[in-house]
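Kindly produce the complete structure, drawing on both the sequences and the hints.
Here the protein sequences come in this chain order: A and B. All the letters of the first sequence, read from the start, carry residue numbers 126 to 276 under this note's numbering. All the letters of the second sequence, read from the start, carry residue numbers 28 to 217 under this note's numbering.
Be aware that a few hints might be false.
What the hints assert, rightly or not - Here are a few chain B residues that face chain A, going by a calculated C-beta distance under 10 Å:
hint	residue
1	I70
2	R77
3	T78
4	G80
5	D111
6	S114
7	G118
8	A125
9	G198
10	F199
11	P200
12	L201
13	V202
Claimed, not checked - Subject to a maximum C-alpha distance of 25 Å in a straight line, what follows is the list of computed SDA-like cross-link-like pairs (lysine to any residue):
hint	chain 1	residue 1	chain 2	residue 2
14	B	K84	A	G134
15	B	K131	A	L205
16	B	K131	A	G134
17	B	K131	A	V216
18	B	K131	A	P206
19	B	K211	B	H104
Derived by calculation from the structure, the hints in this document are not laboratory data. By construction, the Cβ of each residue, glycine as well, lies at the ideal position given by its N, Cα and C atoms.
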Amino acid sequence: MTHQVFDAGTSFDLYQSHKSLGFAALALTVLRLLARLLQPAPVRAPGLDGRLARTVQASFYLLTLAAVAAGWLLVSSSPLPVPTRVFGLFVVPDVAAPDATLFGWSVFAHRVAAGAIAALFALHVAGALKHQWIDRDDTVRRMLPPLRRGP
Amino acid sequence: MNRIAWSRLAACAALAALAGQADAAGAARWRIDPARTRIAFAIDAVGYPRTQGTFDKFDGRIAIDFLEPEKSSVVFHVQSASVDVGSAAFGDYLRSPAFLDAAKHPTIDFISTSVEKVGDRAVRVTGELTLLGVTKPLTVEVAVDRPEGDKRLEFSASTRIDRLAFGMNSGFPLVSRDVDLTIKSAAAAL
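Below, the structure is given as structure tokens:
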């Protein structure tokens, strides 16, 4: 996001889209957490693999919420007051007053959370591929919708 | 869109006649070509690309007296809402009270108070710039070129203004106080 590849106008538009997607991610995460509370996971995978999988999943939820929270703090505390418009539909209020120090920390936290999510994502995909190609078990297949599972 | 008003032809012609000058170059009517006029600005910000844009709606009056350049004058009124930075959303943000406040201050104005020749192809224009309702002095060196003799005139000028002096404080210090202005224009002799 911080590479100077685009001109200022395109960068501005990309940042607005990024903020919109961030709030969309927040909404989806909240809905997903509600779904998990109402209907717990069907199978509790055993062993080290199971514990690692649950840790990664919990981390995804926490890091996504942390990234969005840091992003919200970042735009609120920014010395430059740009209104946060979600997909051009409504404006999200600020949760902090302009403050250069808070802004600096929020930017740092946002980047750390984003980097951690990217790293976990890579680990998660590696895990899925391990189950599919090395263990050759049905872990990935069980996640597919019933119609696609085949006979 | 852009209007050009004329002035001083009669005065120049009269003076030329009185001085016994047959040189028509000192007293010529010039019309600015809007298609060849560009009012551009640029501003830096930390961790963000250099913002470059133009103002696309303006009107200006330039009266040039080559015999007596101190009688020349420059007046420009730029429509602040006409800012173009390549993004409608970004343009709207710049038009907002955070920066240009176009609803409250529809024009940015420059009115010269004196013009002096500083070289064969340069003049120094001293005047006043009004931005966000604040008026400050501004002096600009203008390069003047006459590539086709008496038929065409080209100007270019660059200057830097301090937006904080006009009360445009948003984003400072992450967004620079310095705004680079570049004006290029061409005028044709009538």
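request  = State the violated hints by number, sorted upward, taking the hints as numbered earlier in the document.
outcome  = Those not satisfied: there are none.
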